[in-house]
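Protein chains: 2
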Amino acid sequence: MDLPDQITIKEVGPRDGLQNEKKEISTEDKIEWINQLSESGLSYIEITSFVHPKWIPQLKDAVEVAKSINRKEGVTYAALVPNMKGLERALEADVDEVSIFMSASETHNKKNINKSIEETYPVLKEVVTGAKEAKKTVRGYVSTVFGCPYEGPVDENQVVDVCERLFDMGIDELSLGDTIGVANPRQVHEFLCKMEHVLLKDQIALHFHDTRGMALANTATALQLGYHTFDGSLGGLGGCPYAKGATGNLATDDLVHMIHEMGIDTGIDLDRLTEAGFFIQDKIGKPLPSKQMQVRAKE
Amino acid sequence: MDLPDQITIKEVGPRDGLQNEKKEISTEDKIEWINQLSESGLSYIEITSFVHPKWIPQLKDAVEVAKSINRKEGVTYAALVPNMKGLERALEADVDEVSIFMSASETHNKKNINKSIEETYPVLKEVVTGAKEAKKTVRGYVSTVFGCPYEGPVDENQVVDVCERLFDMGIDELSLGDTIGVANPRQVHEFLCKMEHVLLKDQIALHFHDTRGMALANTATALQLGYHTFDGSLGGLGGCPYAKGATGNLATDDLVHMIHEMGIDTGIDLDRLTEAGFFIQDKIGKPLPSKQMQVRAKE
Numbered sequence: 001m002d003l004p005d006q007i008t009i010k011e012v013g014p015r016d017g018l019q020n021e022k023k024e025i026s027t028e029d030k031i032e033w034i035n036q037l038s039e040s041g042l043s044y045i046e047i048t049s050f051v052h053p054k055w056i057p058q059l060k061d062a063v064e065v066a067k068s069i070n071r072k073e074g075v076t077y078a079a080l081v082p083n084m085k086g087l088e089r090a091l092e093a094d095v096d097e098v099s100i101f102m103s104a105s106e107t108h109n110k111k112n113i114n115k116s117i118e119e120t121y122p123v124l125k126e127v128v129t130g131a132k133e134a135k136k137t138v139r140g141y142v143s144t145v146f147g148c149p150y151e152g153p154v155d156e157n158q159v160v161d162v163c164e165r166l167f168d169m170g171i172d173e174l175s176l177g178d179t180i181g182v183a184n185p186r187q188v189h190e191f192l193c194k195m196e197h198v199l200l201k202d203q204i205a206l207h208f209h210d211t212r213g214m215a216l217a218n219t220a221t222a223l224q225l226g227y228h229t230f231d232g233s234l235g236g237l238g239g240c241p242y243a244k245g246a247t248g249n250l251a252t253d254d255l256v257h258m259i260h261e262m263g264i265d266t267g268i269d270l271d272r273l274t275e276a277g278f279f280i281q282d283k284i285g286k287p288l289p290s291k292q293m294q295v296r297a298k299e
Numbered sequence: 001m002d003l004p005d006q007i008t009i010k011e012v013g014p015r016d017g018l019q020n021e022k023k024e025i026s027t028e029d030k031i032e033w034i035n036q037l038s039e040s041g042l043s044y045i046e047i048t049s050f051v052h053p054k055w056i057p058q059l060k061d062a063v064e065v066a067k068s069i070n071r072k073e074g075v076t077y078a079a080l081v082p083n084m085k086g087l088e089r090a091l092e093a094d095v096d097e098v099s100i101f102m103s104a105s106e107t108h109n110k111k112n113i114n115k116s117i118e119e120t121y122p123v124l125k126e127v128v129t130g131a132k133e134a135k136k137t138v139r140g141y142v143s144t145v146f147g148c149p150y151e152g153p154v155d156e157n158q159v160v161d162v163c164e165r166l167f168d169m170g171i172d173e174l175s176l177g178d179t180i181g182v183a184n185p186r187q188v189h190e191f192l193c194k195m196e197h198v199l200l201k202d203q204i205a206l207h208f209h210d211t212r213g214m215a216l217a218n219t220a221t222a223l224q225l226g227y228h229t230f231d232g233s234l235g236g237l238g239g240c241p242y243a244k245g246a247t248g249n250l251a252t253d254d255l256v257h258m259i260h261e262m263g264i265d266t267g268i269d270l271d272r273l274t275e276a277g278f279f280i281q282d283k284i285g286k287p288l289p290s291k292q293m294q295v296r297a298k299e
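For the protein sequence lines, the chains are X and L, in the order given.
Last residue of the first sequence: 299 in the UniProt record's numbering, with the numbers rising by one and none dropped.
Last residue of the second sequence: 299 in the UniProt record's numbering, with the numbers rising by one and none dropped.
By construction, these hints were calculated from the structure, which means they are not laboratory data.
Treat each hint with caution, since some may be false.
Claimed, not checked - Here's a subset of chain X near chain L, in silico, CB distances under 7 Å, partners left out:
| no. | residue |
| --- | --- |
| 1 | Arg-212 |
| 2 | Glu-261 |
| 3 | Gln-294 |
Stated by the list, open to error - Straight-line C-alpha distance at most 25 Å; calculated PhoX-like pairs for lysine-lysine:
| no. | chain 1 | residue 1 | chain 2 | residue 2 |
| --- | --- | --- | --- | --- |
| 4 | X | Lys-286 | L | Lys-22 |
| 5 | X | Lys-22 | L | Lys-286 |
| 6 | L | Lys-111 | L | Lys-22 |
| 7 | L | Lys-23 | L | Lys-111 |
| 8 | X | Lys-23 | X | Lys-54 |
| 9 | X | Lys-132 | X | Lys-115 |
| 10 | X | Lys-201 | X | Lys-244 |
| 11 | X | Lys-244 | L | Lys-286 |
| 12 | L | Lys-54 | L | Lys-111 |
| 13 | L | Lys-22 | L | Lys-72 |
| 14 | L | Lys-72 | L | Lys-111 |
| 15 | L | Lys-110 | X | Lys-286 |
| 16 | L | Lys-54 | L | Lys-72 |
| 17 | L | Lys-60 | L | Lys-22 |
| 18 | X | Lys-72 | X | Lys-283 |
| 19 | L | Lys-60 | L | Lys-286 |
| 20 | L | Lys-72 | L | Lys-60 |
| 21 | L | Lys-244 | X | Lys-283 |
| 22 | X | Lys-111 | X | Lys-22 |
| 23 | X | Lys-54 | X | Lys-110 |
| 24 | X | Lys-244 | L | Lys-283 |
| 25 | L | Lys-54 | L | Lys-283 |
| 26 | L | Lys-286 | X | Lys-286 |
| 27 | X | Lys-286 | L | Lys-244 |
| 28 | X | Lys-22 | X | Lys-67 |
| 29 | L | Lys-244 | L | Lys-201 |
| 30 | L | Lys-286 | X | Lys-23 |
Since this is a predicted model, take the numbers as computed values, not measurements.
The C-beta atom is built at its ideal place from N, Cα and C for all residues, glycine as well.
The task is simple: from the sequences and hints, build the whole structure.
Right, dumping it as structure tokens:
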């Protein structure tokens, strides 16, 4: 098996995880949790979202969280930004990186952003330009890459088109999202093989969801093709908004565990990471779906 | 991706799943459940165990279950048999196939069978010979192939030696068990590549546990190497005896789902299979860990 020696894991739990949890977490606990994450060896943490609090009340304290956490050297602190108003707040909070987002499928984009795909581009372009002027790096998220909850399969040419439009704006990295967890290893293999000729491997991250249990199988497939950046949400925090009770984000701790077992370095201390998982599980007040936490809770 | 067109899934839930569940299931419900499994398109069901009821009280009704189920044409009904006394009962119940079992690691074998590995062989040899005389096929299970809860990593040469000894007895198929769910895709790849020169691919089944979430990743890895027989326990029934609350057996429905999504045929109707999963979940009285059942319960 030809595998990379080292890969990068990006933690999106404080944003992508928390935004899908109903239980309100205090600003103090978010700060404490992010500080624990910083100490686990993660090099990238998406700490919050500057989407209007009307849409995501859980993250209404975005500026305070971003300003109050300990900024550890070598760690990139990123936040989601939907528009210029969000960018203003993100720059005020001095995040290191700005994440923009859209969907590869028209219906999901419309339901999520309330704009058509074409209408979305100029808004994102403005944010990317503003972020770049402020010397920030920019990450793009593309949702529903491997399937849409409303449209089913998504045309690969459409995905490529969206990705290229985002890179043309000047983004630094693109995270390909399996938003509803339908991707399978064969599909991931075929998709990534096609994309190789269009997208730079070093600028692509894979954002798998574990809704149907295939996230680690898809990860192993992408690893074998030389992809080396993966997103996770600690403990599997977040759930799946399309199937209540089912899993959403891949658990970072399960991802890190498999990667380490495969002899690949991440720079992360899995024990400390899992401890941070138990901290947030305690605050959320229900068991998180992570296998690592289930195994460790009973040892 | 070079994948087989068709593979075989073997259902071990009524034996391997139920034996690890505390809630007593009535004989009537077991029979009904196995009949539902037969109608789902499965070609192989391990229906019970003829281990002494003192050790597995849940399966004390083995003879009655085996005698009362509907035997569907084309379906192999197998049962676990530890010794000649068990074989006698199994033959009385007229099962199609006899499964024998042992561990690749000395300590697990001792704790599970109360014999050393060397002391185990003659007992199994007697069973295999008796089963063959009665014109039954025989399956061998080897546990702790990828790691032992007591000894940690298991020497591959030791595994090969155990496998060869079982094939020398005349068994028809060997199921390689990742008993505690520690195998990772790289390990599975390397192990199976080594084994190719020793074991016939057509006589090997893979029995993965999902304790750490890697079972489907390991399955995808084995599929790419041309292995085409996999064990599962519907719904993930069974739990993990070494980490209470954690998952044990890979859920057959999650396995079938991924395989189908990858464009590989199993002959199984996933809807009917999942319905049978909800039936036994209802009898067990707690949510089973299968992702398919979580997703479908909420749709």
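Each hint tested on the structure:
no., hint, result
1, Arg-212, "5 Å, holds"
2, Glu-261, "4 Å, holds"
3, Gln-294, "4 Å, holds"
4, Lys-286/X x Lys-22/L, "24 Å, holds"
5, Lys-22/X x Lys-286/L, "24 Å, holds"
6, Lys-111/L x Lys-22/L, "20 Å, holds"
7, Lys-23/L x Lys-111/L, "24 Å, holds"
8, Lys-23/X x Lys-54/X, "16 Å, holds"
9, Lys-132/X x Lys-115/X, "24 Å, holds"
10, Lys-201/X x Lys-244/X, "34 Å, violated"
11, Lys-244/X x Lys-286/L, "17 Å, holds"
12, Lys-54/L x Lys-111/L, "16 Å, holds"
13, Lys-22/L x Lys-72/L, "29 Å, violated"
14, Lys-72/L x Lys-111/L, "37 Å, violated"
15, Lys-110/L x Lys-286/X, "38 Å, violated"
16, Lys-54/L x Lys-72/L, "31 Å, violated"
17, Lys-60/L x Lys-22/L, "13 Å, holds"
18, Lys-72/X x Lys-283/X, "23 Å, holds"
19, Lys-60/L x Lys-286/L, "22 Å, holds"
20, Lys-72/L x Lys-60/L, "23 Å, holds"
21, Lys-244/L x Lys-283/X, "23 Å, holds"
22, Lys-111/X x Lys-22/X, "20 Å, holds"
23, Lys-54/X x Lys-110/X, "18 Å, holds"
24, Lys-244/X x Lys-283/L, "23 Å, holds"
25, Lys-54/L x Lys-283/L, "23 Å, holds"
26, Lys-286/L x Lys-286/X, "16 Å, holds"
27, Lys-286/X x Lys-244/L, "17 Å, holds"
28, Lys-22/X x Lys-67/X, "24 Å, holds"
29, Lys-244/L x Lys-201/L, "34 Å, violated"
30, Lys-286/L x Lys-23/X, "24 Å, holds"
Hints 10, 13, 14, 15, 16 and 29, counting from the list given before, are not met by this structure.
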